[in-house]
Amino acid sequence: MFARRLLTAIVAFSLLAGAASLQAAETFFEQQVAPVFAAKCLNCHNDEDREGGLSLQSATAVLAGGDSGEVIEPHDADSSYLIDLITAHNGQADMPQGDKPLEPAQVAAVRQWIDAGAQWPEGLTLEEPVWWSLKQLARPPLPESVSDPAAHQWIRNAVDAFVLAKLREADLQPSPEADKATLLRRLYFDLTGLPPTPAEVDAFVADDDPEAYEKLVDRLLASPRYGERWARHWLDVVHYGETHGYDKDKPRPHAWPYRDYVIRWLNEDKRYDRFIQEQIAGDILFPGTVDGIEALGFIAAGPWDHIGHAEIPESKIDGKIARHLDRDDMVQNTVMSFMSLTVGCAQCHDHKFDPITQKDYYSLHAVFSALDRADRKYDDDPAITAERDALYERGWALKTKIDSHKREKMRLEKAVAAEKDTAKDSEKAGPAKEGDEDQRDQGAAPSGNEVEVSVQLAEVSDKLTADEQALAEIRKQIAAMPEPKLAYIGMIHHGYGTFVGTGWGGGRPRPIHVLERGSILAPGEKVGPRALDCLEGLSGALDVPEEAPEGQRRVALAHWLSSRENSLTWRSIVNRVWQYHFGRGIVDTPNDFGRMGGTPSHPELLDYLAVEFRDGRQSLKDLHRLICNSATYRQASRTPAALEAKAHAIDADNRLLWRVNRRQLEAEAVRDSILFVSGKLDLKMGGPSFQDFVIDKPEHSPHYEYRLHDPEDPKSHRRSIYRFVVRSQTQPFMTVLDCADPSMMVAKRNTTISPLQSLALLNNKLSVVMARHFAARVEATDGTLNEQVERAFRLALGRKPAAEELAALQGYAERHGLANACRVLMNLNEFVFVD
Amino acid sequence: MTPTPAQRRSAFPHGAAASPRPSQVDSAAALRSRREFLWQSGGGLGGIALASMLAAEDARAASSESTLHSAIMHHPPKAKRVIQLFMSGAASHLDLFDFKPALIKHHGEPSDFGEHVEAFQNGLGPWLRPVWDFAPYGESGKMISDVVGDIGEVVDEIAFIHNLIGKTGVHSQGTLLQSTGFNRPGFPSMGSWVSYALGSMNENLPTFVVLPDHRGLASNGTKNWDTAFLPSHYQGTVVYPGREEPIADLFPASQGSYISQASDAEAIELIKTLGRRHAEERQGDGRLEARIRSYELAGRMQLAAPEALDLSQEPAHIHRLYGLDHIPSEFDTEINAREETVLFSRKCLVARRLLERGVRFVQVWSGNDNRFPRRNWDSHENVRRDHGPLARGMARGTAALIKDLKQRGMLEDTIVLWTTEFGRMPSSQGGKGRDHNPYTFTNWLCGGGIRGGITHGESDQWGYKPLDRSKPTEVYDIHATILHLLGINHERLTVRNNGIDRRLTDVHGHVIKEILA
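Protein sequences appear in the order of chains X and Y.
This note's numbering numbers the first residue of the first sequence as 1 and each following residue consecutively.
This note's numbering numbers the first residue of the second sequence as 1 and each following residue consecutively.
Next up, chain Y with everything else stripped away, as it sits in the complex (with noise of 0.2 Å):
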């Protein structure tokens, strides 16, 4: 099939940077733009019927929810779904959020905590001011740093916790025990464990997306969507918008030439029909029924996720709330914030079109791929110059999806929880770094039941640990705290496994009342 160059139009109109267009057609090209086509089907030409099509399953989909999946639920919810923006390598509360004049007084002095402290890669040099200056913002008057500027602009609407405390400076452990509540493998993530809970409000979508940093994935890599226990379809489905192939196997193959839509759309008929007869001969088996309906539900699915992650339909001033109008055709090879705008914008954007459409459980990473230069947020050796361009380009993101929520009335009923593994010392390492920091750090949320505007729990003079030691917050009282506002008990959501009840709190975890609405 030759693309037309309506059909080359790809679905993601501003991920050319992304995904490069062959400059010749060979026959491995004409395959990718047959696939392609498949891909854009969804939003391309058929896009209007099809948005029709949808909206109307949208509406069965959502008048039966209930009958999708008895929810397990212990009060009426304040929230449906979550989307978890994890900044990888540990971002640096005392540059972006946690405002400390002290370090700004003290700087270059010799840093001197009062005491003992281990730090992971001995980076206790003396005190080292913000990075950035900080500016109040908002009726709050929200001290936060210039460089996540933009999430002034919406920072009333947040609840920052500046005293959450981890439980080592271990990349790994630390971001396994904030995606799933434990510090080690073996565990389900949050996004597994609310859809097991809450089930799907659209099943032509997956419950749980995830979207990956392009660069490649986090500590732990697919652990932290991870199931474990929990049965396999509550594991995150990661989505790469901009990739040649967004979502892996929706399509064929490209080695698969010989399929062609019409033999495909035949050949789910075929599996049903076979199947069937099959299953007649074998009453009383549900599973069988529910595997034949599965090939159906694939179909289904192969419609759906094109257009949910079809960025042309948005109008051009969605574009422009996320920096995503007037893209460059091509970026500098260094790291630079224009770029880390549109790759997280971009992420934000699908994942407030995939919870539009149903989908419960967003998880966006920024940020990884631990080498040199950095391209994540574990900022030894220079903040300013590390952190700099991701902070930039997750704060217009972020600011632009908070907005953009709002204006469609779903941020009442959404929850966003900024959350990273760790944060960073006040004393500098080699000069102009910062090394771990898990004996305090920050994270934030907004949105479906919280409260903004405020600030609960704060960190000591330097933000090295809890201002009150015997009361920080833990990931347990976050996580708890997100499963109240979704109408869940965090003690009574438990699965047993070899032989303990297990929870997403594990043994621990209050609701931080102080945040809620």
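Bound conformation, chain X alone (with noise of 0.2 Å):
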């Protein structure tokens, strides 16, 4: 297959022997030029893409130039073309193409080398080094230079070694531990969602069990709480929603088993291989159960075109347009969640930036071809749902037999009547004869072929009956059976009327061709399924018999996706638990590891947690473990003024983690905290979303009302993880504070600070309303205002007020009521900000 160049060596050559000086410029291009080709230039200009005719593999390539001619004049620099492109103006140069320009010591250097020969080492070919991320994972050895005592005292598990390293190598020291008030709140937040109550700081804080803090990481890694908070985080990155988007954006109303799925599969902790697998094929790999079934809702989250689908026939143009789309939703949600690569470029043309070509994205295509999107009808109990299925399957193989039985029936009684007409015309044609009675009577006896024609059409009329009746028992038993429940999942459709799916043909894939930029009017070649060949050490083949079920596909993909070899998947996990826990990803851009995304800031930490996690027992749980436990966790996110002030200096974006950084909370855990601190959050887990819109002409195209909906309705006191998410209108506080978009893949929110935020929290009905009740719930309990008022703040804040701090809002309260008191502490910056 065509593929970039991404090979292990860099170089394979022979010294000359020769003078010294032919030595010295020779290494210098070794060491300083060859490199910055390497990284910079040989992604398109090898001799394979050669773009713009320019490769900088080989000597002969590079002497060569490309379309405009020589590109180096050796000993001549400045009348280098190659300069002339690399040289920035302005801050941009004409190349690298689509990248910062290159640092002012690397054209440097290049001048150099051409200045003084520009001297080739014979034999020697420049190849692309490996993208960090593509290379194959091996666990690193600890830091050696942090084993001093200092360090020893400091470091509490590995995390902190590699940490300590960095902070070290950038002569910079980590922040004291956090107080144990602060570390709990953190905690709570970070692993539920939630604040803790006075009466759970009062305790820790009280604890002197030096486990204390182990303790409590493992009891809220035990609490429900845990998985409905870290599913939010996954249905982000899935862009999970319960209705279809676009046009007419019709409710999804069996969208939440997938919902419930991954929140019970943080809960119970198991594996992440078995994640993957059960996301991609769980239906295929764990038959008979539940979690196979609801897990493949992953498969349907993004949104679905209903015109494109529902009202446009397959074989329109438009309709052609909306499956492919829908295909690309699934393939990019897959490789982006999974391992964090990009690979919808090359929906258009090979990937400019990463070793991904056209054809190995509609090869992905071609796992999912044969999916649609839709319900599955399943239950509780396995037995029943295969019981279910095989009747199922008996009654669409008799209705396909019945439609093929209805044909030859309307094809028979065609030919029967064509038949006499023949004999009736040949009857009126000729003219009276002697013997005509007898003619007339062998004419209106029926011919040979009229009898044929007759016996088959009983034939098949008889079988139609049959089947009908056969039909109409499996209508009648799957009548009998129990009420099933439905998912909304990727999975094969037997539909009607002009959303029909590829049930009727037997679950057959449908062809996948790369599609000339893209468009669904230019097909060329037709590829069968295959997964990415740009890992080193993992080939993209999946193996699949052109003739096997389609399942087949997805299964090998699964394996493949959660294969050890797959170094991308490892590292993207950890990456993204890491992100959630610090605010910020090991690597920056937690979708993309591509080349176009940022590099890891401890590069070998993400290596050891990715082989760690790997080879353990793949248990998010012991991650979060080992992260939660760290020292590093534990620094404060208050610095001393000294070690602030040289940080600043050094790295003010506190890459290298010399304090925790400071949260501001997601909108789900605004939301949830404002229940919470009023005493109205409902902690019922799973089933049907609650809806805090009304429903407008739903007939059509359903408006989502939520300035119509009732804020003290209990049903939507739940947790924001069961809110039901509408696609096209979002539901507007929680968007205000940058809740993620069910549109888009989300790594990573936005958060923003703005007056509509503000406004949102001071003003919206939840707020008003809450407000209220978390003042009724304090005034509930005995004791003078001051007393109250002071409750009321550690609920909100989890701890006491100071004196003035007590007596302004002690003050507003008399003067305005104990209501607005609350309201102005749900809008403080400590609500929405955890240190």
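If you're looking for bench data, these hints aren't it; they were derived computationally from the structure.
Mixed in with the good hints, there may be bad ones.
Unchecked claim - To be clear about the criterion: a stretch of chain Y counts as covered by chain X if any three or more of its residues have a C-beta under 8 Å from a C-beta of chain X, and this derived list gives those stretches:
#, region
1, 150–161
2, 213–219
Said to hold, decoys possible - Keeping only pairs whose Cα atoms sit at most 35 Å apart, straight-line, the calculated DSBU-like set for lysine-lysine is:
#, chain 1, residue 1, chain 2, residue 2
3, X, 320, Y, 272
4, X, 320, Y, 78
5, X, 646, Y, 78
6, Y, 471, X, 320
7, Y, 272, X, 800
8, Y, 78, X, 250
9, X, 352, X, 377
10, Y, 471, X, 352
11, Y, 272, X, 316
12, Y, 167, X, 320
13, X, 316, X, 409
14, X, 352, X, 485
15, X, 100, Y, 167
16, X, 476, X, 424
17, X, 621, X, 684
18, Y, 513, X, 100
19, Y, 105, Y, 471
20, X, 352, Y, 403
21, Y, 78, Y, 432
22, X, 316, Y, 471
23, X, 359, X, 420
24, X, 359, Y, 167
25, X, 250, Y, 432
26, Y, 465, X, 352
27, X, 715, X, 697
28, X, 526, Y, 465
29, Y, 465, X, 359
No residue lacks a Cβ here, since even glycine has one placed at the ideal position from N, Cα and C.
Could you use the hints to bring the two separately framed chains together as a complex?
Shown next as structure tokens:
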């Protein structure tokens, strides 16, 4: 296949014995120039791609130049076109295209090399280095530099060894540990998305068990609230929504089983490879399990164009485009969620920056091309599911036969009629002769053909009747079964009308072609299922025979994604988890580990975590423990002034983690906290989502009217993870608080601050109503107003107020009532920021 | 608080039909009145004092424009503001702006496109002549339809583009393509890009405002003014002129009977005071100070927004210009041109007031709700019945807006874009209707740096495809041109998301030099 070069060896050459100066020049090239060419130019300018006709792989190629002629004039850098191209003017250079200009030192090195005669070691062929994320995983050794006593004292686990090594390299040191109350609040929000109660604060602060912290981590990880909190992160990534999006944006009432599956998976702490396998091919790999069905909600998580699928047949261009976009969504969701790679670019052309070809991209389409998004019937008891599935299979087979009988019957009926007409015609046509009577008799009798056809017709009619009776019987049996559950998943669809699916064709995958410039009107080469070939040490071959059932394609991809050798899979997930704990990933572009993405701040740590996770129990909770129990995580977010001043100058972004980042709470955590402190949060788990809107005009294009919802409706007082997520009309309060947009895969939410946000927190009906409940809750406790204000403060912020804070709030409460004071508490910076 | 007659006066004096008054004063009504008072306090009682205060603010805001936001600008701009008029449902170029005599000549004959045509609902009946007569207008003599005849008065300001092409005939995809430059969800709208690049000219108001059709949202709903991966405050702020609560959450929800103006004002002060104390212990975190300041700005927006929406400040001749004088107390239940004029013109006038006060980008929607009878431009069944009232109302408001901008000297730096998701077929559907035509349709622009009185890019004799199929105009070109006039190189306004440097114009787009002044 046509792959870009990503070979392991950098150089393979023999040095000419010769003058020392020549040797020096060649060494200079190898050390100073070759790495620049390899890293910055070879992606496009290699022997295969030759963009602009130029390759920089070998001496011959370089000296041959490109479409614009020679690029190097040995001994004369000023006259060399290459220098023109790479020299920046006003911060911009022609080359490398689409990338930052080279460092001045790099340009100077190339100049010096040319001026010195552009010596290229004989036989040397440059190869592009393997991009960091595509390299095989190996467990890095713990840094040695941190074995001294001071370090020994600080380091709690391996995470700290790696972090401290980097800090020391930069001449920095970690911040002191945060106080217990701060750690408690941090852990509560981080692991459960809810604040601690004042009683929990008191108990933890008073607990002198040296392992109190570790026990708290364990306790919170064991809480069902943990799965609810962390499922939201995954649902952001896979762009889960409960309406179709696009035009009409109809509801998906059975999307939620997938959400519950993710929560369950987290709380039960099942293996990560199983998580991948269930979501791609759970129905085949784990038959007879509920998880194996509900997990496939992953494939169906994204938007779906109702009009393009249900109102336009697949035979039309717009219908084909809709299905292409549908598969594109499945492919991108899969590769981005599990591997942090962007493949969408390859829809129209080979990926410009990453080694992903257009053919790779369409080969991934072939994995999903039999599927549609639809409601799957299933049961808590897998035996019943199996029974129902078998009945449906038989029913579908009968239905197919019946349709075929009907067509055959119609054909035969026409044939009989035609035979009759022919007979009549010949009868009319012939002039009356002697013996007419006899002839007429013969003419009236059916011809041989007619008899034969009539017999066939009778046979078909009998078959039709029998099959229809059999189908009716199956329908009766199905109707007699217990009411099934429904889950909206990626599946083989047996549809009627316009949205037919592939079921009636035996679930055969739709043929997939490479589309020129991504146009459905320009199909090129036909492709079969295959994964990506860009990883070091892992072929993209899926080895699924053409005739194998479609599920085998997904099984093969699931195994490929979850294989030990898929280095991206393991780097991706540990980086995501790290990011949710620290606010930023070790790689700051969690959905893009390609060349357009970031590079790891702590590459060894990333690989250590990836290997540890992969080779351990593949337990997310183990990973949380490792991270949360580290000294790194326990640092304060407030830093001693001296350290802060120094660190700001060196690492203002805190990439090296010389403290913990203060976090602005996400929309869900804010909303859940408001309900929690108001005493209104309903912790009922699972099941259909609550709706905090009224659906107006459901018959055509539903209008999701949030403004008509009654905030006092207790059904809507559940945790935000159970909110019905509408795509076209996102919840205004949550949206303004930077909730993830369910139309796009969100690896990292924006965090913004705006007057519209302040207005929402002040004035939205939820805040206004809950502030009153909050006040009522506090008023229900005995005590003076002062004590009530103090209690409200502790509930909201997890600490005792300082005297002047209490005085200010108390004065305000005296003038305007406790509800107003509670509204103020829910608007404070301290309410929405966690140290 | 019992409302006095003066307080009862709506901030939207011509919005009687849209905001009916409760007949009896119950507690909810009292609450509503209290909030209406807040809404009025901008333009009502405190109007004069406030107006002068805001004028000072505006001057300050204008002078410190550069300090508010470091604008991403690549060359000197011709325009500062944009108003996008979006006809939802696919307005017929053939019955409004793109005159096709061949359809009159061959009306009723079987349609023959000379090639296989795929129509969305197979609407390939006989050729259908434009359902209204066309006539020449202005010095340019541009032929436009009687039903949009009002626009004839400003036709010499306008550059028409009749060879715009879409990608599919699906409303959602077509609408997203026009609003975001991509035919699938997940990308920032043009208004968000412009706000992101240029920032605010008046931080007391949102940078990007959306005036939806009161009947509902277009395909894709809020995605058409979404920020996607840009920061959330560049999202369009939805304003419903005439609604009881024109901007969500600007004032406490009606359930907040315990909140008074005094408690509210003091709350903001207390939030700031306690916030400063918290921030002092956490030096060096700019977000904390920014969030304290956002409460201050919120308070200012509470004053500025109602004032901006208060049409009662406009003199009588402006109301007349927009057709907002002598509004009947009740309208027919059937859709009618008079009511459509009031609905659309009101949005145009509000838009002008917002633009005047420094809002960067305003999106105005015409027509929505895909049910029957049609209340949008998706005239599959009957173009005359369903386009008629919408078109007349749109034309009146649009013409008034352009004239009004011009007389204020604002047209020269305000771009007006008229758009829709695609056009309609020259063949008939069911006799009187037209099917979708994504193969060619019309956009027009005027104002800020646009050459008026011209037509660029013809469609073929039927208005079926571009006359020169090798050189169509694409939405990317429209977007590139608008960004260019705003001082932005569309290829350089990029934000990296999930590994790709995203642009409004994807990987396409050419500035349409022919329509630049």
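Do the hints match the structure? See the list:
1. 150–161: It is violated: at least three residues are needed, and the region 150–161 of chain Y offers just 0 whose Cβ sits closer than 8 Å to chain X.
2. 213–219: holds (count 3)
3. X:320 x Y:272: Outside the cut-off at roughly 56 Å; violated.
4. X:320 x Y:78: Violated - the C-alpha atoms of residue 78 of chain Y and residue 320 of chain X are around 42 Å apart, more than 35 Å.
5. X:646 x Y:78: violated (46 Å)
6. Y:471 x X:320: holds (25 Å)
7. Y:272 x X:800: holds (19 Å)
8. Y:78 x X:250: Answer violated: residue 78 of chain Y to residue 250 of chain X is near 43 Å, above 35 Å.
9. X:352 x X:377: Distance of about 43 Å is beyond 35 Å: violated.
10. Y:471 x X:352: holds (27 Å)
11. Y:272 x X:316: violated (60 Å)
12. Y:167 x X:320: Distance of about 12 Å is within 35 Å: holds.
13. X:316 x X:409: Measuring from Cα to Cα gives roughly 29 Å; hence the hint holds.
14. X:352 x X:485: violated (45 Å)
15. X:100 x Y:167: Status holds; Cα separation ~34 Å.
16. X:476 x X:424: The given pair, whose Cα atoms are some 46 Å apart, is violated under the 35 Å limit.
17. X:621 x X:684: holds (23 Å)
18. Y:513 x X:100: holds (30 Å)
19. Y:105 x Y:471: Satisfied, since the Cα-Cα distance of roughly 27 Å is no more than 35 Å.
20. X:352 x Y:403: violated (48 Å)
21. Y:78 x Y:432: violated (43 Å)
22. X:316 x Y:471: Judged against 35 Å, a Cα distance of about 25 Å means the pair holds.
23. X:359 x X:420: It is violated: about 57 Å lies between the C-alpha atoms, which goes past 35 Å.
24. X:359 x Y:167: This hinted pair holds, its Cα atoms lying about 23 Å apart.
25. X:250 x Y:432: holds (29 Å)
26. Y:465 x X:352: holds (33 Å)
27. X:715 x X:697: Holds: residue 715 of chain X and residue 697 of chain X sit about 22 Å apart, inside 35 Å.
28. X:526 x Y:465: Given that 35 Å is the threshold and the Cα spacing comes to 31 Å, the pair holds.
29. Y:465 x X:359: holds (32 Å)
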